[in-house]
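Engineer: What follows is the residue order along each chain.
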Amino acid sequence: MADSAIGSGHADIGTRRDFLELVAWSSAAVGAGCLALPLIDSMNPSADVLALSSTEVDISGIDEGMAITVTWRGSPVFVRHRTGAEIEEAEGVDMGALRDPQTDESRVIDPKWLVVSGVCTHLGCVPVGNKPSENRGEFGGWFCPCHGSQFDTSGRIRKGPAPTNLPVPEYAFTSETSIKIG
Amino acid sequence: MSASHEKPVFKNGMVRWVDDRLPVVTVMYNAIGPGHPTPKNLSYWWNFGSLAGLMLGLQIITGIVLAMHYNPSAAEAFNSVEHIMRDVNFGWFLRYAHANGASMFFIVVYIHIFRGLYYGSYKSPRELLWMLGVVILLCMMATAFMGYVLPWGQMSFWGAKVITGLFGAIPLVGEPLQIWLLGGFAPDNASLNRFFSLHFLLPFVIAAVIILHIWALHIPGSSNPTGVEVKSESDTVPFHPYYTAKDGFGLGVFLILYCLMLFFLPNALGHPDNYIPANPMSTPAHIVPEWYFWPFYAILRAFTADFFFIPAKLMGVLAMFSAILVWFFLPWLDNSPVRSGNYRPLFRKFFWFGLLPCVLVLGYCGGAPAEEPFVMISQIATAYYFLHFLVILPIVSSVEKPEPLPYSITESVLGSDDKATLASGN
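One line per chain: the protein sequences are A and B, in this order.
So the mapping is simple: my numbering equals the position in the first sequence, first residue as 1, plus 964.
So the mapping is simple: my numbering equals the position in the second sequence, first residue as 1, plus 152.
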């Protein structure tokens, strides 16, 4: 064959057929990748889900010592109006006693208001303790009924299986009496 | 010994015409017909493979019809399940058959695995057969989990949240991965729709792997209670009519038990909280998966303290998956040349008094609340579980002195085998 005669002259770099094969398989691989991308990315949160990614909360009605649950990205967020004693307790904790050491200052904007995710960092349950009448655990914050994690008045993990503190979502005060989460 | 693959001659001209062009009848004849010689000493423990196949078929049939009445949207899913229960003709029957069918499917498959573990069915030359079985179990678990999410009750929702949360424990990619799996930041419409899609797809994947599983089975043929391979044709009987009849009888007994569950105890294995519509703002006090996940759930929750640099949560996730993945290595962890537990005195003790109680205890703890003493018991049982497979089994299989094996299946059945006498004369 003529081809093989030409090819044999460039044995070290392969024949024209090898090259065509390489090009064909590479284009097929690129094509498959291009098809896979939209398929995989379509499973990420859609635009309407992302559009709900910030929530405005009116905090004027929350009395001292109380907390409310608001929905942010389909999950609960706790907004707590802390009492003076609670703030003192949260600020006075020895960092060595914490599993996930964070100062209270780094977790609040205004010490009177604590905003934390209401999803237990263990396996995603919603802890109880927004009302003073509920079980707030030994540290006065929240208690997760699923596996017994206990959080303090800064939402930090103190006891139980949860590995980290309740995360503080991104938020800002839009006025004296309202915050925007997200 | 595999089938003596002579092409059967069919009397019916029509059958012959089709078979000459597409030999499906020959394939069936050699797979589950008279052309498949099977050890003649199979006990009732060998019934559960065909029962598992039957359960998959029933689940697909009831599932397809249920899908005609179900609405996979977060707003309507719960109502549509109630619509099936109250308004659709025989809807209650289909749903109870499907929900209890899942439980019966797992019972049958767990007994099938139990039989494989005791009789050493995973040993050479059946390693791939065994590993394909583990793949089927993993697919079944994924299917069952996603199916349980579909009614969109409280347990559905929180089960989905906890299980996808497991992927969130993976370092670096965990959180984006969890968001990608859910299609949002919490289980919602997107999650429900994809779970429905995959719940519909996976049973057909399982069916395909079952074909490979049976294909791999037909290379060496079935093992048997003695673990001694078939030596001659006198050790076997044709699959049909002998084992079709035996499987048929077992099927009758099984269907009676299934019907008892279905008609008299349809909610016994379910959880009442799942009759409360999903509420993302309130967690049920006690989240438990379905009973067939309890042993694995107990292992997940057994890790309460960080392990060197690995956080407790990730450790639990790794251990839970490893509890099944370790089975892939079983053919090499247990390297005793003797297959059947019947001839392995030490293995047998650890099997009946170690592994079996350990799994039952794990199962009990997985269904119990996460408090003492269950946490500590789960920790002890989890430790034993891994010790059994990773340490005890390799040691036992090298130090144990097995009991004498029969020369052949025929000898074990009849007490003597002419060929055995000749062989011992050598």
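Don't take every hint at face value.
[Claimed, not checked] Covered stretches of chain A (chain B as the covering partner; in silico rule of three or more C-beta atoms under 8 Å from a C-beta of chain B):
no. : segment
1   : 1064-1078
2   : 1087-1094
[As the list claims (entries may be wrong)] Chain B residues, not near chain A, derived (Cβ > 12 Å throughout):
no. : residue
3   : 193
4   : 223
5   : 231
6   : 245
7   : 314
8   : 317
9   : 328
10  : 333
11  : 370
12  : 377
13  : 383
14  : 407
15  : 415
16  : 433
17  : 504
Just so you know, the hints here were simulated from the structure itself, not pulled from any lab data.
Keep in mind that this is a model prediction, so the values were computed, not measured.
Note that CB positions come from ideal geometry on N, CA and C, so glycine has one too.
Engineer: Failing hints, ascending?
Structural biologist: 1, 7, 8, 9, 10 and 16
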